[in-house]
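2 protein chains.
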Amino acid sequence: MAITKRSEDYSQWYLDIIKDAKLADYSPVKGCMIIRPNGFAIWERMQRTLDEMFKQTGHVNAYFPLFIPKSYLSKEAEHVEHFAKECAIVTHYRLKASEDGTLVVDDDARLEEELVIRPTSETIIWSAYKSWIQSYRDLPVLINQWANVVRWEMRTRLFLRTAEFLWQEGHTAHRTYEEAEEEALLILGIYKKFAEDFMAMPVYSGLKSESEKFAGADHTYTIEGMMQDKKALQAGTSHHLGQNFAKAFDVKFQDIDGEQKYVWATSWGASTRLMGALIMTHSDDKGLVLPPKIAPRLVNIVPIWRTDDEKPAVLEFSAKLSAKLHDGGISTNVDDRDDRSPGWKFNESELNAFLLRVKVAPKEAAGGTVVISRRDTRTKETVSFEEVPAKAQSLLTDIQTNLSQRAREFRDSNTFDVRTYDELVDTIKSNSGFARAFWNGTPEDEAKLKEIQASVRCLLPNEEGSTGKCIVTGKETPTRAIIGKSY
Amino acid sequence: MAITKRSEDYSQWYLDIIKDAKLADYSPVKGCMIIRPNGFAIWERMQRTLDEMFKQTGHVNAYFPLFIPKSYLSKEAEHVEHFAKECAIVTHYRLKASEDGTLVVDDDARLEEELVIRPTSETIIWSAYKSWIQSYRDLPVLINQWANVVRWEMRTRLFLRTAEFLWQEGHTAHRTYEEAEEEALLILGIYKKFAEDFMAMPVYSGLKSESEKFAGADHTYTIEGMMQDKKALQAGTSHHLGQNFAKAFDVKFQDIDGEQKYVWATSWGASTRLMGALIMTHSDDKGLVLPPKIAPRLVNIVPIWRTDDEKPAVLEFSAKLSAKLHDGGISTNVDDRDDRSPGWKFNESELNAFLLRVKVAPKEAAGGTVVISRRDTRTKETVSFEEVPAKAQSLLTDIQTNLSQRAREFRDSNTFDVRTYDELVDTIKSNSGFARAFWNGTPEDEAKLKEIQASVRCLLPNEEGSTGKCIVTGKETPTRAIIGKSY
Numbered sequence: 001m002a003i004t005k006r007s008e009d010y011s012q013w014y015l016d017i018i019k020d021a022k023l024a025d026y027s028p029v030k031g032c033m034i035i036r037p038n039g040f041a042i043w044e045r046m047q048r049t050l051d052e053m054f055k056q057t058g059h060v061n062a063y064f065p066l067f068i069p070k071s072y073l074s075k076e077a078e079h080v081e082h083f084a085k086e087c088a089i090v091t092h093y094r095l096k097a098s099e100d101g102t103l104v105v106d107d108d109a110r111l112e113e114e115l116v117i118r119p120t121s122e123t124i125i126w127s128a129y130k131s132w133i134q135s136y137r138d139l140p141v142l143i144n145q146w147a148n149v150v151r152w153e154m155r156t157r158l159f160l161r162t163a164e165f166l167w168q169e170g171h172t173a174h175r176t177y178e179e180a181e182e183e184a185l186l187i188l189g190i191y192k193k194f195a196e197d198f199m200a201m202p203v204y205s206g207l208k209s210e211s212e213k214f215a216g217a218d219h220t221y222t223i224e225g226m227m228q229d230k231k232a233l234q235a236g237t238s239h240h241l242g243q244n245f246a247k248a249f250d251v252k253f254q255d256i257d258g259e260q261k262y263v264w265a266t267s268w269g270a271s272t273r274l275m276g277a278l279i280m281t282h283s284d285d286k287g288l289v290l291p292p293k294i295a296p297r298l299v300n301i302v303p304i305w306r307t308d309d310e311k312p313a314v315l316e317f318s319a320k321l322s323a324k325l326h327d328g329g330i331s332t333n334v335d336d337r338d339d340r341s342p343g344w345k346f347n348e349s350e351l352n353a354f355l356l357r358v359k360v361a362p363k364e365a366a367g368g369t370v371v372i373s374r375r376d377t378r379t380k381e382t383v384s385f386e387e388v389p390a391k392a393q394s395l396l397t398d399i400q401t402n403l404s405q406r407a408r409e410f411r412d413s414n415t416f417d418v419r420t421y422d423e424l425v426d427t428i429k430s431n432s433g434f435a436r437a438f439w440n441g442t443p444e445d446e447a448k449l450k451e452i453q454a455s456v457r458c459l460l461p462n463e464e465g466s467t468g469k470c471i472v473t474g475k476e477t478p479t480r481a482i483i484g485k486s487y
Numbered sequence: 001m002a003i004t005k006r007s008e009d010y011s012q013w014y015l016d017i018i019k020d021a022k023l024a025d026y027s028p029v030k031g032c033m034i035i036r037p038n039g040f041a042i043w044e045r046m047q048r049t050l051d052e053m054f055k056q057t058g059h060v061n062a063y064f065p066l067f068i069p070k071s072y073l074s075k076e077a078e079h080v081e082h083f084a085k086e087c088a089i090v091t092h093y094r095l096k097a098s099e100d101g102t103l104v105v106d107d108d109a110r111l112e113e114e115l116v117i118r119p120t121s122e123t124i125i126w127s128a129y130k131s132w133i134q135s136y137r138d139l140p141v142l143i144n145q146w147a148n149v150v151r152w153e154m155r156t157r158l159f160l161r162t163a164e165f166l167w168q169e170g171h172t173a174h175r176t177y178e179e180a181e182e183e184a185l186l187i188l189g190i191y192k193k194f195a196e197d198f199m200a201m202p203v204y205s206g207l208k209s210e211s212e213k214f215a216g217a218d219h220t221y222t223i224e225g226m227m228q229d230k231k232a233l234q235a236g237t238s239h240h241l242g243q244n245f246a247k248a249f250d251v252k253f254q255d256i257d258g259e260q261k262y263v264w265a266t267s268w269g270a271s272t273r274l275m276g277a278l279i280m281t282h283s284d285d286k287g288l289v290l291p292p293k294i295a296p297r298l299v300n301i302v303p304i305w306r307t308d309d310e311k312p313a314v315l316e317f318s319a320k321l322s323a324k325l326h327d328g329g330i331s332t333n334v335d336d337r338d339d340r341s342p343g344w345k346f347n348e349s350e351l352n353a354f355l356l357r358v359k360v361a362p363k364e365a366a367g368g369t370v371v372i373s374r375r376d377t378r379t380k381e382t383v384s385f386e387e388v389p390a391k392a393q394s395l396l397t398d399i400q401t402n403l404s405q406r407a408r409e410f411r412d413s414n415t416f417d418v419r420t421y422d423e424l425v426d427t428i429k430s431n432s433g434f435a436r437a438f439w440n441g442t443p444e445d446e447a448k449l450k451e452i453q454a455s456v457r458c459l460l461p462n463e464e465g466s467t468g469k470c471i472v473t474g475k476e477t478p479t480r481a482i483i484g485k486s487y
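Listed in order, the protein sequences are those of chains A and B.
Under our numbering, read the first sequence as residues 1 to 487, first letter to last.
Under our numbering, read the second sequence as residues 1 to 487, first letter to last.
Note that these hints are calculated values from the structure, not bench results.
In this text, all values refer to a predicted model and were calculated from it rather than measured experimentally.
Honestly, I wouldn't trust all of these hints.
Since the list gives no way to pick one copy over another, a pair counts as held whenever it fits inside one copy or between any two copies.
Distance condition first, Cα-Cα at most 25 Å in a straight line; then the derived SDA-like pairs of lysine to any residue [unchecked claim]: (1) Lys261 / Glu179; (2) Lys5 / Asp309; (3) Lys293 / Asp255; (4) Lys130 / Arg157; (5) Lys55 / Leu166; (6) Lys55 / Ala323; (7) Lys85 / Pro461; (8) Lys19 / Lys286; (9) Lys19 / Thr467; (10) Lys363 / Val334; (11) Lys231 / Lys261; (12) Lys130 / Cys32; (13) Lys231 / Arg157; (14) Lys55 / Asn148; (15) Lys130 / Ala41; (16) Lys252 / Arg340; (17) Lys293 / Glu52.
Given only the sequences and the hints, what does the whole structure look like? Please build it.
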């Protein structure tokens with residue numbers, strides 16, 4: 001199947017990539033996705049990497065229930081206000097056969113209190129922390145969980161917005177405001193490092209504005225990437241929850257000074273949305289492109305022969321080459337299928353997102369050389385058998401760097417400093433990308449951005465201490481905002 | 001807190017172990033558990049090990065939706081008959097504020113078709129396989145998923161029987177009956193190897209009887225362990241599904257001969273029940289005992305000092321010892337807390353299931369020796385600083401072997417060959433353990449076993465080809481059954 005060009009229909013291109021690379025499918029349940037083995041292999045690598053980063057910074061994993069009693073959700077006012085509108089609700093615990101033999105809900109098995117499928121787990125987790133935390137000795141609690149969550153979305157899109165999605169959610173408890181702040185920033189740093197070093201996706205990071213922060217947070221930090229259609233994608237958020245959930249669930253501890261105090265909290269999450277970000281940051285009109293540090297498949301060896309006489313030699317050469325690469329720590333695939341043409345195999349190599357394709361042809365193999373094509377630049381070179389492992393390793397390193405640079409240049413060249421509201425409107429309306437502007441607008445000013453389908457994506461930290469005039473209020477402010485359209 | 005003795009109250013002993021070792025908690029949702037970090041660390045190690053075994057045999061991971069449309073569950077008759085009675089049902093997708101301000105289910109947001117929270121995923125997965133499988137070239141499909149599932153249980157018990165639990169479920173599709181049979185047996189072998197080599201838990205393995213097989217299977221294989229109260233615990237099952245689900249979801253493939261045929265299937269699962277099995281196989285009246293291959297914590301170094309003068313030397317010695325063990329690849333903890341007594345720390349060491357405790361006391365440390373206590377036999381020996389890493393390694397190997405042997409001796413000495421039904425009844429009623437008997441009884445005969453709270457746990461493969469008289473029918477049969485009480 002031909003992939004739709006980005007320039008023709010960006011949304012369709014995205015779906016075509018996912019379909020052709022067999023990453024995911026819609027399921028019969030509206031808005032729920034199936035993550036296929038090719039997609040899940042990528043997610044597993046992301047999980048493994050993030051999990052190690054969390055563990056290296058002292059976090060441990062746990063697992064809390066899928067179900068949240070309705071009354072728990074209600075305990076934090078902003079939180080319930082936001083999530084009540086989009087949650088799946090369990091009301092019964094049994095089906096039965098009706099008189100006509102069809103299966104119906106058994107009304108005798110109605111729950112006394114309805115259960116909400118977790119849209120996020122602050123409430124169920126803080127109800128547990130109440131019994132776990134009594135003293136400053138019990139702090140900090142540094143827990144993460146990998147879980148599925150459900151937010152009933154009406155307009156869904158594979159990986160980017162689905163009713164059920166997979167994520168990790170960290171929930172930490174601390175003795176002081178400052179310690180919680182340090183934690184929230186530590187995690188923001190981990191998300192940024194993961195996005196930039198592993199996913200090769202540059203991100204802006206900073207605070208969310210009041211209107212965009214997490215429902216129940218004191219403040220929220222975010223990382224925001226730019227996709228190839230120049231829209232922003234929020235790729236991870238880290239929340240300082242203040243004492244909001246501690247107060248809602250009455251979680252106090254006896255401090256060193258003997259006094260009873262409410263606990264300070266953070267929560268933070270990154271989800272299978274990252275899959276969407278990864279796909280949209282690097283892929284091209286030929287298919288999926290993945291950075292080597294995340295790619296499950298690296299090298300595809302494609303032996304080519306026209307006659308049966310030529311076959312044994314190229315297959316033997318290919319097997320030797322594969323063994324040599326394995327010895328060098330590089331996993332390979334040899335596509336030695338009899339019943340497929342070279343053209344079909346080359347295409348398949350791209351669909352499966354191999355980063356290097358090694359062509360083993362009769363004449364070259366006899367002379368001890370192969371042709372290596374790299375996926376990102378689509379350039380080729382002839383390499384001798386002995387040099388292949390070192391060459392493959394250096395090409396993979398190059399690809400990681402190249403993808404990262406390419407994405408950074410794209411993002412930077414599509415981010416514009418604007419000094420007036422009119423300039424902002426022009427930038428957004430012309431789909432030029434992100435606008436960067438001094439900003440201390442109110443939530444009402446932010447709401448007005450909806451008229452141009454834009455929003456404040458994040459408030460950048462001001463490292464130099466410079467100030468400028470806010471593009472809406474005209475007042476001097478040290479804060480600059482990244483404003484753009486978003487997913 | 002003192003742990004209840006096994007001899008006094010076995011059930012309470014089990015719950016005390018879980019509580020003291022902080023493995024799990026009940027949650028506010030009836031029957032749902034919280035797996036605490038100490039428990040989850042063990043589960044993660046089990047997951048990692050099993051996952052590698054699946055991958056080494058060609059399986060890949062994927063993820064299918066949590067929700068199953070009610071009509072899908074109904075498509076396989078035996079399957080729905082079994083699971084309809086115990087499933088959580090989502091009927092609405094929104095909450096709203098009522099007139100008095102409380103949160104209620106929004107009747108305007110009723111689902112057209114109710115969704116069942118997966119109790120197992122055959123139906124949702126086979127509906128996907130219908131679009132993935134067209135030709136023999138698409139076979140085999142060897143997919144596994146790690147997921148949460150829900151079966152509404154009225155009487156729950158941490159890890160052993162909870163409304164929500166974590167598990168892996170494999171779902172494979174094959175060209176022939178024989179290939180599916182090979183797969184079902186391959187997985188049975190993996191489960192057995194994992195139980196015996198990693199969990200140090202000997203298991204009987206074989207077929208389930210007709211009445212105990214999985215709802216929707218052609219036949220089911222099982223592994224069954226014996227707990228310390230001599231009850232059986234089913235620790236993993238592998239099902240040959242025949243063509244039942246392929247027919248229910250109309251999944252056909254074009255075979256090599258050009259004909260359209262229904263696909264053959266297997267499914268197989270192991271769950272957080274394994275945590276219960278692990279706890280009950282090895283722990284004692286002092287607390288949790290884990291086999292070294294699964295234990296997250298191995299060596300606890302406890303420095304002891306009475307005066308402040310003695311402190312620096314024992315702490316320095318402990319730090320050096322810890323570094324030396326780390327260099328030898330053995331992870332350690334140094335319990336250098338100021339404000340706890342040695343007795344408290346020794347107790348804590350047992351609660352945290354450390355396998356080796358290394359006491360660093362002033363006099364011995366000055367002489368370059370420590371005292372190592374092993375958890376299983378509670379024996380001690382004095383070891384010189386230089387010898388500690390090698391000694392620790394050999395002790396850990398010994399502990400794995402010892403736990404395995406101890407469990408096997410317990411199981412074997414509590415399994416009795418019985419030749420008559422009366423002997424069977426005596427064995428079961430006296431709580432002597434498992435009865436092994438020639439058996440070709442009917443499902444009605446099996447049902448009668450309920451009178452003595454027993455069931456056929458598994459039908460042993462007959463390797464020698466010998467036969468004997470069935471204890472109910474008196475007919476000659478090659479099949480022997482393991483019969484016992486069970487969890």
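Okay, the hints, checked on the actual structure:
1. Proximity of Lys261 and Glu179 under a CA criterion of 25 Å is satisfied intra-copy only: 15 Å inside one chain copy versus 63 Å between copies.
2. For the identical chains of this complex, Lys5 and Asp309 are neighbours neither inside a copy (41 Å) nor across copies (76 Å), given an alpha-carbon limit of 25 Å.
3. In this homomeric assembly, Lys293 and Asp255 never come within 25 Å of each other (Cα to Cα): the closest approach is 44 Å inside a single copy and 39 Å across copies.
4. In this assembly of identical chains, Lys130 and Arg157 lie within 25 Å of each other by CA distance solely across copies; the values are 22 Å between and 38 Å within a copy.
5. Proximity of Lys55 to Leu166 under the C-alpha cut-off of 25 Å is found in both arrangements, the shortest distances being 19 Å within a copy and 21 Å between copies.
6. Proximity of Lys55 and Ala323 under a CA criterion of 25 Å is satisfied inter-copy only: 20 Å between copies versus 34 Å inside one chain copy.
7. Taking identical chains as interchangeable, the C-alpha atoms of Lys85 and Pro461 are never at most 25 Å apart, the minima being 33 Å within one chain and 56 Å between chains.
8. Taking identical chains as interchangeable, the C-alpha atoms of Lys19 and Lys286 lie at most 25 Å apart only when both belong to the same chain, with a minimum of 13 Å there against 56 Å between chains.
9. For the identical chains of this complex, Lys19 and Thr467 are neighbours neither inside a copy (48 Å) nor across copies (56 Å), given an alpha-carbon limit of 25 Å.
10. Within a single copy, Lys363 and Val334 get their C-alpha atoms as close as 19 Å, which meets the 25 Å cut-off; across copies the closest is 64 Å, which misses it.
11. Taking the closest pair of Cα atoms, Lys231 and Lys261 never come within 25 Å of each other, the shortest separation being 43 Å inside a single copy and 48 Å across copies.
12. Only between protomers do Lys130 and Cys32 lie at most 25 Å apart by alpha-carbon distance; the minimum there is 17 Å, versus 34 Å within a single protomer.
13. Taking the closest pair of Cα atoms, Lys231 and Arg157 come within 25 Å of each other only inside a single copy of the chain (15 Å); across copies the shortest separation is 49 Å, beyond that limit.
14. Within a single copy, Lys55 and Asn148 get their C-alpha atoms as close as 20 Å, and across copies as close as 23 Å, so both meet the 25 Å cut-off.
15. For the homomeric pair Lys130 and Ala41, the shortest alpha-carbon distance between copies (22 Å) is at most 25 Å, but the shortest distance inside one copy (37 Å) is not.
16. Within a single copy, Lys252 and Arg340 get their C-alpha atoms only as close as 67 Å, which misses the 25 Å cut-off; across copies the closest is 24 Å, which meets it.
17. When the C-alpha separation of Lys293 and Glu52 is checked against a cutoff of 25 Å, the pair qualifies both within a copy, at 14 Å, and between copies, at 20 Å.
Hint violations for this structure: numbers 2, 3, 7, 9 and 11, all remaining hints satisfied.
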